[in-house]
Amino acid sequence: MSLPLVPLLAVVSVLLGGLACWRRRESTDPTATESPRHPASLRTDGGEERPDGGRRTDEDRRVSEERRTDGGERRADSGSESQMPVIGTLYGREHKTSKPYGLMRWLTSVDHKDIGILYLIFGLAAGMWGATDAMMIRTELFTPGTDVWNAETYNGLFTTHGLTMLFFFVTPVFTGLANYFLPLLIDAEDMAFPRINAIAFWLLPPSFVLVRAGLLTEVLAKVIDAVGPRVEFLYALEPPTMGWTLYTPLTTQLANPQVDLLLLGLHLSGLATIMGGVNIIVTIFTERGEGVSWSTLDILTWSLLTTSGLILFAFPVLGSAVLMLLFDRNFGTTFFAVEAGGPILWQHLFWFFGHPEVYILVLPAFGLTSQILPKFSGRKLFGFKFIVYSTLAIGVLSFGVWAHHMFATGMDPRLRASFMVVTLAIAVPSAVKTFNWMATIWNGNVKLEAPMQFLVGGIGLFVVGGVTGIFLASVPVDLVVHGTYYVVAHFHFIVVGIIAFSMFAASYYWYPLLTGRMYNKRLGTIHAVLSIVGVNVTFMPLFLVGLMGLPRRSAQYPVEFTLLQQVATVGAFILAASVGIWLFNMVNSFRTGPVVRTPDPWDLKESNQFSREWQWFERRMTEGLSNPQALADGGRVADGESDASNDAGSDAGAGDEDSDADADAEN
Amino acid sequence: MNRPLAAVAGGLSGTAALTVLLLLFEVETRSQIGMFDVVARFVGVPGSTTVGFVLFVAAGTLAWPLLFVAVEDSVPGSDPAIKGMGVGVLLWIPFLLLGRAELSGAIVFAFAGLTLVAHLAYGYITGAVYARLTGRTPSSGTLGDGSELQG
Ligand code: HEM
Ligand SMILES: [Cu+2]
Chain L
1 MSLPLVPLLA VVSVLLGGLA CWRRRESTDP TATESPRHPA SLRTDGGEER PDGGRRTDED
61 RRVSEERRTD GGERRADSGS ESQMPVIGTL YGREHKTSKP YGLMRWLTSV DHKDIGILYL
121 IFGLAAGMWG ATDAMMIRTE LFTPGTDVWN AETYNGLFTT HGLTMLFFFV TPVFTGLANY
181 FLPLLIDAED MAFPRINAIA FWLLPPSFVL VRAGLLTEVL AKVIDAVGPR VEFLYALEPP
241 TMGWTLYTPL TTQLANPQVD LLLLGLHLSG LATIMGGVNI IVTIFTERGE GVSWSTLDIL
301 TWSLLTTSGL ILFAFPVLGS AVLMLLFDRN FGTTFFAVEA GGPILWQHLF WFFGHPEVYI
361 LVLPAFGLTS QILPKFSGRK LFGFKFIVYS TLAIGVLSFG VWAHHMFATG MDPRLRASFM
421 VVTLAIAVPS AVKTFNWMAT IWNGNVKLEA PMQFLVGGIG LFVVGGVTGI FLASVPVDLV
481 VHGTYYVVAH FHFIVVGIIA FSMFAASYYW YPLLTGRMYN KRLGTIHAVL SIVGVNVTFM
541 PLFLVGLMGL PRRSAQYPVE FTLLQQVATV GAFILAASVG IWLFNMVNSF RTGPVVRTPD
601 PWDLKESNQF SREWQWFERR MTEGLSNPQA LADGGRVADG ESDASNDAGS DAGAGDEDSD
661 ADADAEN
Chain B
1 MNRPLAAVAG GLSGTAALTV LLLLFEVETR SQIGMFDVVA RFVGVPGSTT VGFVLFVAAG
61 TLAWPLLFVA VEDSVPGSDP AIKGMGVGVL LWIPFLLLGR AELSGAIVFA FAGLTLVAHL
121 AYGYITGAVY ARLTGRTPSS GTLGDGSELQ G
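Chains L and B, in that order, are what the protein sequence lines are.
Residues 1 to 667 in the working numbering are what the first sequence lists, from first letter to last.
Residues 1 to 151 in the working numbering are what the second sequence lists, from first letter to last.
All clues given are correct.
Partner residues are not named here, just some residues of chain B that face chain L (Cβ under 8 Å, in silico):
1) Leu-24
2) Thr-29
3) Gln-32
4) Phe-109
5) Ala-128
6) Gly-141
7) Leu-143
Read the hints as simulated data drawn from the structure, not as lab findings.
Quick caveat: nothing in here was measured; it's all calculated off a predicted structure.
Glycine included, C-beta positions come from ideal geometry on N, C-alpha and C.
Turn these sequences into a full structure, and let the hints steer you where they fit.
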C-alpha cells in the first residue's frame, strides 16, 4: 500500500465521521423522539412519576429546552437564559414539523422561506468567491509591473469577478430576500409556484459550476494528482479572459473550451432568473392576502415587481445572444463575423440586456433602502407615490438607453445625442428617490442602528456614484474617460456603495426575524464604519487614476500611478476586513447572540410601522412560546399533530410522504 | 461527550475546513503560492508533500485540539470558539514565517490574508464544534422582556 492512499483515507473518514455525527444528531433530536407534551416522562435522569400528572411547568420547559439547545446533555455551567427557546427559521429542525429533518429539509424544500435562505447562502458563497477575485486583482495592481500573476490570470480574474458578482452574488441574494419576505409582506401563503421556485434555485449551482468550471476542475485534478495519476484533460479548462461583456471578435476567437461552458452556464442562469422573476410577478398579482390591495402594497414589493418585469424583457435577449455566440464559436454560424452583423451587433444585443440588467441589480437595493429607512427614521417614507412612479419610470426608461455604453464605437452622432438625452432623463427619477430619502430622514427621530448606518452611508455613496454617472452620460466626457478606471470607480460606488450596503442593512434589520437572535451591535458599527471608509479609500483614487487616463482591464500600469493604486489596494483590504467582521458577527451571533424575546426589536410599534413581516414574526413567537411543538418555520400544523406527537419518533421516517402531501395541499 | 473526544471531533471538522480552504486558495491563485510545499515546510519535511500533508492533518486533528483542551480553562473568556480563533492565529504565525520561503513582493499580502482566513476558520470551527459537543456554548442573555408571551 503506497503512502498517497493515506490522504484519501483521511478524506473518507472525514466524510464518514460527518455522516455519523449528522445521523446521531438526527436520531437524538429530542423533539423528534419525545412527546413535547410530556417532556418529563422521557427524562433520562431517573424519570420518576410526577406529582402534577405530567402537566407542563416552567421546570419542564427549562429541562426540555436545555436539551434542545446543547444536544441533550446537562450543562455544568448553565445560566438560566441559555434555555430560552429560539424562534427563528433556521432552528426549524428543533421543532416537530411536517418537513423532513436535517439535510433532506434543505434538499427537498419547496417552502419559500427555506428556498430564500438557500438563495442567500448560495449568493453569499458566490460573493465571497468574487470578492477573493477582487482582492487578487488589487494585489496584482499593488505594483506597476505584472509580477504577482501573469496577464492571462489577471484577465481571468476580472472576468470571473464581474460575472460572479453580477449573476451569482447580487441577483441570488435579492431573489433570496424576495422569496423570504415577499409572501410575508403581501400576506401570501407561499410563492405562486413553489416547485418552479425550487427548480429556479437548483439551476443556479450547476450554472455557477459551468461558468467557473476551470478552477473547479483544477481542484479536482489536484486532488487526484495528490493520490494518483495526473489527469491531463482536467487541466484543459482555463479561466475565461474576455471580460464580463463577452465582446466579439475576442470571444468568438478564444480557443479555450471553458468559454463554451461559460456561455452555457450564463444561459442556464438566465433561465433560472427568468423563472424567479415570473414567479415574483405572478405571486404579486394573484397571491395577495385579504387586505393587501395595490394601494397598500409596500415599496419593496413595488421594486421587486418592476425588477421582475425588467428580467422578463431583458434576460431572454441575453439568452438568445449568448446562444448565437455559442453557435458562432462551435457551428460555423457568422452572426458576429465582420462580414455579417459584426462586433457592433453583439454590442447592441448585449447592452440591450446589459443596461436593464444594471437596474435589475439596483432597483431591489433602492427598494430595500426605501423600505428600511423609514423604520429607523421614525417617519413614513416621504413621497411614497413618487418613489413608486420613479421606480416604474426607471423600469421603462432603462430599455431606451443601452447605446450609452457604445458612444465610442463611431455610431451616428444624432443617435448618440438622443441616447444621451434619454440617459440624462433617467437620472431624474433616481434623484427623486434620493431627495425623498433625505426628506424622510429630515426632522425624523433617527436611530443610528447598524441598518441605518449602512443606509445613510449607502445613500451618500450612491450620490457620488450617480453624479459621476451623469458625467459619463454626456458624450464629450465619455469619449475622454471611456474605458478608464473612472468607469470602474463610478459603478463600484453603486455596486458596493448602495447595492452591497443595502444587503448589509437588510441582513442586520431582519437578523432577529431570521435567526431569533440579535447580532452584536458594536461589531455592526465597526463593520459599517470600516465599509464606508473602505469604499472611499478603494474607489476614490480610481476616479483620479481614470481622469489621468489609465485604461482599465490591464495588469500593469506606468509607475506614476503607483501611489494611487496602492491606496486603492489598502482600501480593498479594509473592505475585506470589514466583510470578515460581518461574517463573524452573523455566524457567531447565530450561536451565542442574545435570544430575541420581543417581536418588535426595533420599536416599530412606537412609530406605527410594525409591518406585516414583523406581525408574522409576532404570531409565530406567541404561538411558538405558548406551544413549543408548534412550528418554528411558519409552516402549517399537520392535521392531528398534537395527538400524533406521541409517536413522533416514527415521524422522521414518514416525514417524506407527510411533507409531500402537505406541499400538495398548499399548492 | 468527553472533552478530549469532543476536541478531536472539532479538530477533524476544523482541519477539513482548513484543508478545503487552502486547496481552494491554491487553485484560485493559479498555484503561485505552492500551498502543498508550504504545508510541507511548515511541518518540517520540506520537499515531501505527501508526508507533509499527512502530518499536517494529524496535527490539526489530534495534536492542537488536545493541547487546546489542556489549556482551555486557563485562558480567559467563555467561548471556546473565540479561544479557538486565538489558537488559529498562533498557528498561523509560524505557518506564515516558515511557509513563506521564497515568496516575495505583493503576493505575500495575498498569502498572508488568505491563510489567516483559513486558520481563523479552523480555530473557530474546532472551538464551536467542541463547545457544542460538550455543552459549553455560552449564552449572552435575552433581548426584550418576553414575560407577557410566556404561555
Ligand atoms: C469588494 C470590493 C470590490 C473591489 C475591491 C473590486 C475591484 C474591482 C476592480 C479593481 C475592477 C477592475 C478590473 C480592471 O478593469 O482591470 C473591478 C471590475 C469589476 N467589478 Fe469589482 N470590486 C469589488 C466589488 C464588486 C461588486 C460588489 C460588484 C458587483 C456587484 C463588482 C462588479 C464588477 C464588474 C462588473 C467589473 C468589470 C469587470 C470587467 O471589466 O469585465 N465588483 N472590480
Ligand atoms: Cu447603462
